[in-house]
Structure formats: C-alpha cells, structure tokens
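Undergrad: Sequence lines, in order, name chains A and B.
Taking numbering that gives the first Met the number 0, I'd label the letters of the first sequence as residues 0 to 219.
Taking numbering that gives the first Met the number 0, I'd label the letters of the second sequence as residues 0 to 165.
FYI, nobody ran anything at the bench for these hints, they're computed from the structure.
Glycine residues also receive a C-beta, built at the ideal position from the N, C-alpha and C atoms.
One should not assume that every hint holds.
In silico DSS-like cross-links for lysine-lysine, where the CA-CA straight-line distance does not exceed 30 Å [unchecked claim]: (1) B:K140 <-> A:K137; (2) B:K93 <-> A:K25; (3) A:K8 <-> A:K50; (4) B:K101 <-> A:K78; (5) A:K137 <-> A:K15; (6) B:K50 <-> A:K15; (7) B:K157 <-> A:K50; (8) A:K15 <-> B:K157; (9) B:K93 <-> B:K10; (10) A:K139 <-> A:K78; (11) A:K78 <-> B:K140; (12) A:K15 <-> B:K10.
Sample of chain A residues lacking proximity to chain B, with all beta carbon distances greater than 12 Å (derived) [as the list claims (entries may be wrong)]: (13) I2; (14) F61; (15) T68; (16) H119; (17) D129; (18) M134; (19) R144; (20) N159; (21) E160; (22) L185; (23) E209.
Sample of chain A residues facing chain B (criterion: CB under 7 Å; computed from the structure) [stated by the list, open to error]: (24) T11; (25) E14; (26) V17; (27) P63.
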Amino acid sequence: MAIKAELAKTQTIGEKAVYHINELSKVTGSRATAYRALGELREAGFAEQLKEGYFTIRSSLFQPFNLWTDLFPSLQALKKARFFGLSYNENDVRLAQQILNGVVTLDYRAYELTRLQLPHLFSIYVDDADEAARMLRKHKFSEGRRGRVAIMPGIGSLENEIQRVYLDCIAYGGRSLLDAIAIEILHAETLDPHVRGIFRTEDVLKVRDELASQSGTRSR
Amino acid sequence: MPLNLEHEAAKITEELGSVVFVGAFAVNHYSKYRTTRDIDLVIASPLDERKLIALGYTKWEQPRGLSWLSPRGIKVDFYTRDVGGIPADWILEKAVEFRIGKNAIRVICLEGLILAKHRAGRTTDVDDLRQLLTVHGGAIKWDVMAEIADNHEMTELKQVSAVLSR
Chain A
0 MAIKAELAKT QTIGEKAVYH INELSKVTGS RATAYRALGE LREAGFAEQL
50 KEGYFTIRSS LFQPFNLWTD LFPSLQALKK ARFFGLSYNE NDVRLAQQIL
100 NGVVTLDYRA YELTRLQLPH LFSIYVDDAD EAARMLRKHK FSEGRRGRVA
150 IMPGIGSLEN EIQRVYLDCI AYGGRSLLDA IAIEILHAET LDPHVRGIFR
200 TEDVLKVRDE LASQSGTRSR
Chain B
0 MPLNLEHEAA KITEELGSVV FVGAFAVNHY SKYRTTRDID LVIASPLDER
50 KLIALGYTKW EQPRGLSWLS PRGIKVDFYT RDVGGIPADW ILEKAVEFRI
100 GKNAIRVICL EGLILAKHRA GRTTDVDDLR QLLTVHGGAI KWDVMAEIAD
150 NHEMTELKQV SAVLSR
C-alpha cells in the first residue's frame with residue numbers, strides 16, 4: 000500500500016492531544032472527505048480512533064511527506080503491535096527479555112544507544128507473533144491495551160538495525176522523537192544520510208544539552 | 000535503573016528547602032513514564048546564586064539559556080515567576096507532597112501540570128498530556144483548574160479528558 004500524497008494536506012491540522020472530526024473537516028473541506036481521510040490515516044498507521052468522532056494522530060504525520068515511505072513499515076508494525084502485561088511494571092519487561100527472542104526497538108533499544116530517556120515500553124520484533132503471544136500467556140501475561148510489553152511483526156527491513164530504530168522512533172512520535180534526535184547525533188555514521196527526520200530546533204538543542212550534561216563535555 | 004531522579008530530587012530539596020518539582024519529573028510522579036535526566040523546579044525565594052555556588056551547584060551557559068548543574072551533575076532549571084503562565088506562588092501553594100523514605104518531596108498539583116503541558120503544546124508535551132489524561136483524567140479537580148485556566152482551556156481540557164480517561 001502506498002500513502003496518498005493528498006493526505007499531506009492533513010498536516011495543517013497542527014499538533015494536539017485529541018482531535019474531533021470537525022477539525023479535520025475544516026482541513027479537508029467537507030465532513031465526508033474528512034471521514035475518508037481519517038480512514039486513510041488509520042490505514043497508514045498515523046491515526047487511531049477513540050470514541051465516536053474523536054481520534055489521535057501520531058506526531059510522525061508532521062514529518063515531511065518524502066519521509067512517509069520510509070516510515071511506512073514502522074507505522075504498519077506499530078499498528079499491528081500486540082500489548083501484554085502481568086504486573087504492569089518493570090518486572091514484566093525483565094521477564095519478557097528472558098523469554099522472547101527478537102529485535103528490540105524503541106524505548107529500550109534507544110536507551111541502550113543513547114542513555115537519553117528512561118525506557119517504559121518494551122517493544123520487540125518477533126518472527127512469529129502468535130508463538131510469542133503463546134509464550135507470554137504461558138508465563139501468565141494477559142493481552143490487552145495497557146501492557147508494557149509490545150510484540151510486533153517484522154515488517155520491512157531490519158538489516159540496518161540502528162536505522163530501523165531511528166525510523167521507529169520517528170514513526171512512534173511523541174517523546175520518542177527525542178530518542179531519534181539523540182540517535183542522529185550519536186550514530187550519524189550508521190544512518191542513511193538521505194533518510195532524515197525534521198525536528199524542531201528547540202528539541203534538538205534540548206537533546207544536545209542533555210547528552211552534553213551526561214558526557215560531561217558540556218560543549219557539543 | 001542506573002538513574003534515580005527521586006534520590007536527586009530528595010537531595011535538592013534537602014539543599015534548597017522550599018522547592019516544587021515540575022516538568023517531566025512531576026509527570027513521572029503521577030504516571031510512571033519516560034523522562035530525561037534534567038530537573039525543572041519552582042523555588043520559593045529569589046534565586047540566590049552565591050548560595051547555589053556555595054552548595055556546589057555550577058552555572059551552565061547553553062544556547063537555550065542559563066541552566067545549573069547540581070553537585071551530582073544533573074541539569075537543573077529554576078523557575079521563579081511562573082511555569083507556562085501559571086504563577087509560581089500558586090504552584091507553591093497547591094503543591095502535592097509525597098515521601099521517599101524519610102524525605103518529603105513536593106511536586107506541582109495535577110491540575111497545574113496538565114495545564115502547563117496543554118499550554119506548552121510541543122510534541123513531547125502533547126505526549127505527556129495524553130499520558131496524564133489517560134491515567135488521571137478522571138481525578139482532575141475542575142474547581143482547582145478553574146483558578147488558573149481560562150474558559151476556552153477549561154472546555155477543551157474537559158472534552159479531551161472525557162475522551163481519553165480510562
């Protein structure tokens with residue numbers, strides 16, 4: 000599936016915690032077009048429906064349109080993520096780390112790469128999501144929406160692992176954008192120079208300050 | 000976890016007295032979430048630079064402005080007037096106290112934190128706001144919120160919290 004260029008128009012909606020379909024209507028010109036656009040945003044992995052008429056948008060929607068193709072595998076994997084919890088705390092992550100095999104991404108991998116932000120959600124690409132789910136259930140995990148363990152199908156290339164974590168962080172959006180900035184600063188040589196996110200200067204300076212204060216150099 | 004910001008907050012409170020933690024540290028108090036290694040706080044008295052230096056704090060000039068490093072190397076930003084237009088006096092008066100072992104630590108009240116995040120509106124703030132409203136949207140005291148939010152903000156926050164809160 001390709002993301003339609005017309006969807007880029009929805010970028011003008013601006014960043015908010017929650018949107019109502021009426022706000023999207025103002026951008027698209029009509030309610031019918033707004034519902035169609037919302038459907039396409041959900042299909043692409045940018046939007047998530049809440050209660051009737053309300054939805055959230057990932058901040059990755061506001062990345063340049065030419066990056067959307069690179070973000071697409073990450074967005075699709077995030078869309079298919081399945082969440083599991085047992086104690087709903089850090090212990091769940093420790094147990095999942097022991098019993099699951101796969102490629103770790105987002106919070107926990109970003110923390111290993113950057114030490115910037117404390118991790119929260121343990122996200123892992125697995126070869127067989129059903130098998131991984133069975134394994135978690137065997138250890139008394141329940142599947143739901145709140146768990147701190149997320150298993151995702153390995154959609155797209157995982158070959159350049161750091162590049163994929165970088166794109167996953169941009170696709171996930173929110174606080175993960177800070178992780179993407181830190182990866183770009185610390186691991187620039189491993190990233191494709193033609194595939195880069197766009198970040199606010201304020202966020203870049205914040206990350207640079209944080210990394211400098213950690214390293215003790217205070218002058219990057 | 001290698002970093003213990005609660006321990007750092009306890010040390011800062013011990014050193015500086017009447018302070019209230021805001022920002023990501025406060026978000027993490029209400030809802031265990033992600034945070035960077037910096038600390039933002041509101042201080043009751045005007046910033047006494049000589050006192051800070053005597054306590055081992057060091058000034059740190061950076062492109063974004065002046066920050067301080069605590070004696071343990073943690074970046075600290077002080078707010079003396081307001082946070083996102085919320086007066087420092089109000090934040091100090093409504094602060095919520097909790098204990099870590101023998102130490103009492105004060106954080107901004109939930110209503111102040113939510114409004115500050117709503118007003119800031121950056122990507123990370125929107126993320127924090129979603130997290131706070133999802134977990135605590137049902138616990139907001141709207142009479143307290145009305146003391147600092149305007150009518151438009153009240154309407155918007157009530158609507159968003161009704162949609163997000165569990």
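Undergrad: Starting from K137 (chain A), check that the Cα of K15 (chain A) is at most 30 Å away, please.
TA: 39 Å, violated
Undergrad: Would you check the hint for K15 (chain A) and K157 (chain B), treating anything up to 30 Å between C-alpha atoms as holding?
TA: 14 Å, holds
Undergrad: Is it the case that E209 (chain A) keeps its Cβ farther than 12 Å from each residue Cβ in chain B?
TA: At about 5 Å from chain B, E209 (chain A) fails to clear the 12 Å cut-off, so the statement is violated.
Undergrad: Can we confirm that no CB of chain B comes within 12 Å of the CB of L185 (chain A)?
TA: Answer for L185 (chain A): holds, closest chain B Cβ roughly 15 Å.
Undergrad: Can you confirm whether the C-alpha distance between K93 (chain B) and K25 (chain A) stays at or below 30 Å?
TA: At roughly 39 Å apart (the allowed maximum being 30 Å), K25 (chain A) and K93 (chain B) break the hint.
Undergrad: Mind checking the alpha carbons of K15 (chain A) and K10 (chain B) for me, to see if they're no more than 30 Å apart?
TA: 36 Å, violated
Undergrad: Could you grab the alpha-carbon distance between K93 (chain B) and K10 (chain B) and see if it respects the 30 Å cut-off?
TA: 22 Å, holds
Undergrad: For the pair we were handed, K101 (chain B) and K78 (chain A), check the Cα-Cα distance against 30 Å.
TA: 44 Å, violated
Undergrad: So, as I understand it, the hint says E14 (chain A) touches chain B; can you test that by seeing if any CB pair is closer than 7 Å?
TA: 5 Å, holds
Undergrad: So if I understand the rule, the pair passes when the alpha-carbon distance is 30 Å or less; does K157 (chain B) with K50 (chain A) pass?
TA: 15 Å, holds
Undergrad: Taking C-beta pairs only, is I2 (chain A) more than 12 Å away from all of chain B?
TA: 20 Å, holds
Undergrad: Taking the closest Cβ pair, is T11 (chain A) under 7 Å from chain B?
TA: 16 Å, violated
Checked against the numbered hints above, the structure violates hints 1, 2, 4, 5, 6, 11, 12, 14, 16, 19, 23, 24, 27; every other hint is satisfied.
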